[in-house]
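Trainee: Chain by chain, the residues run as shown.
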Amino acid sequence: AQSVTQLGSHVSVSEGALVLLRCNYSSSVPPYLFWYVQYPNQGLQLLLKYTSAATLVKGINGFEAEFKKSETSFHLTKPSAHMSDAAEYFCAVSDETGNTGKLIFGQGTTLQVKP
Amino acid sequence: GAVVSQHPSWVICKSGTSVKIECRSLDFQATTMFWYRQFPKQSLMLMATSNEGSKATYEQGVEKDKFLINHASLTLSTLTVTSAHPEDSSFYICSSQGPSAYEQYFGPGTRLTVT
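From first to last, the protein sequence lines are chains A and B.
Numbering-wise, the working numbering puts 113 at position 113 of the first sequence, and it's gapless, one number per residue.
Numbering-wise, the working numbering comes out as the position in the second sequence, counting from 1, plus 1000.
Only chain A is shown next, with the shape it has when bound in the complex (with noise of 0.2 Å):
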């Protein structure tokens, strides 16, 4: 069965300083691999997808996130940060287990921004 896992379970960085979120993923089809971001008491907003075509993503926000097949990680990325950009962040891997459109979530990730 497939499988998502995120390395840090809290990140924090400077304001201004590179963000890199760990993704992980275990799937034995070609995986669709998304990364999702959530305020508090909020739902979860897309930032961005990979669905097999370019392995380097971008997103909103001036994220983006690079599919690397032989380390099977999906790691997301800005290259400076925002306060706003504050929040817990999932990554989440397609269902292989036939078309049900389900997907599987990591643990999350919470992003610290300092000032």
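Calculated directly from the structure, the hints in this document are not laboratory data.
Just to be clear, a hint being listed does not mean it is correct.
[Said to hold, decoys possible] Pairs of lysine-lysine, DSS-like flavour, derived with a Cα cap of 30 Å: (1) A/Lys68 - B/Lys1041; (2) B/Lys1041 - B/Lys1064; (3) B/Lys1064 - A/Lys114; (4) B/Lys1041 - A/Lys58.
Guided by the hints, dock chain B onto chain A, whose structure is given.
Mentor: Here is chain B on its own, set in the frame of chain A:
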């Protein structure tokens, strides 16, 4: 992206009563919707897949008689927590499946507190 609403955004109920949460897809028709549960500082746990005009498919370990799901139209799915208990207190999030593979649009969530 597509807009999904949930109502109510928060609700407090007494133990033993039932609570209904609505999930509406406002600008597109959703054959499939998903219901998630999220505990504080944790990831999303898929509870069930709601399909318009048919019975919901529940994940293992989720009591279908306790969490009643109805998807009577292409824009509305409801989750009813029956005979609620304090341990049912949680953040419930719904999503609508979009036209693209594994694309989900999330509602803002409903905070349920059972006293």
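Trainee: Regarding the pair lysine 1064 of chain B and lysine 114 of chain A, is the alpha-carbon distance no greater than 30 Å?
Mentor: With a Cα-Cα distance of about 44 Å, the restraint between lysine 1064 of chain B and lysine 114 of chain A is violated, given a limit of 30 Å.
Trainee: Can you confirm whether the C-alpha distance between lysine 1041 of chain B and lysine 58 of chain A stays at or below 30 Å?
Mentor: With Cα atoms ~27 Å apart, lysine 1041 of chain B and lysine 58 of chain A stay inside 30 Å; holds.
Trainee: Does lysine 1064 of chain B lie within 30 Å of lysine 1041 of chain B when you go C-alpha to C-alpha?
Mentor: holds, 25 Å
Trainee: If you draw a straight line from the CA of lysine 68 of chain A to the CA of lysine 1041 of chain B, is it 30 Å or shorter?
Mentor: With a Cα-Cα distance of about 28 Å, the restraint between lysine 68 of chain A and lysine 1041 of chain B holds, given a limit of 30 Å.
Hint violations for this structure: number 3 only, all remaining hints satisfied.
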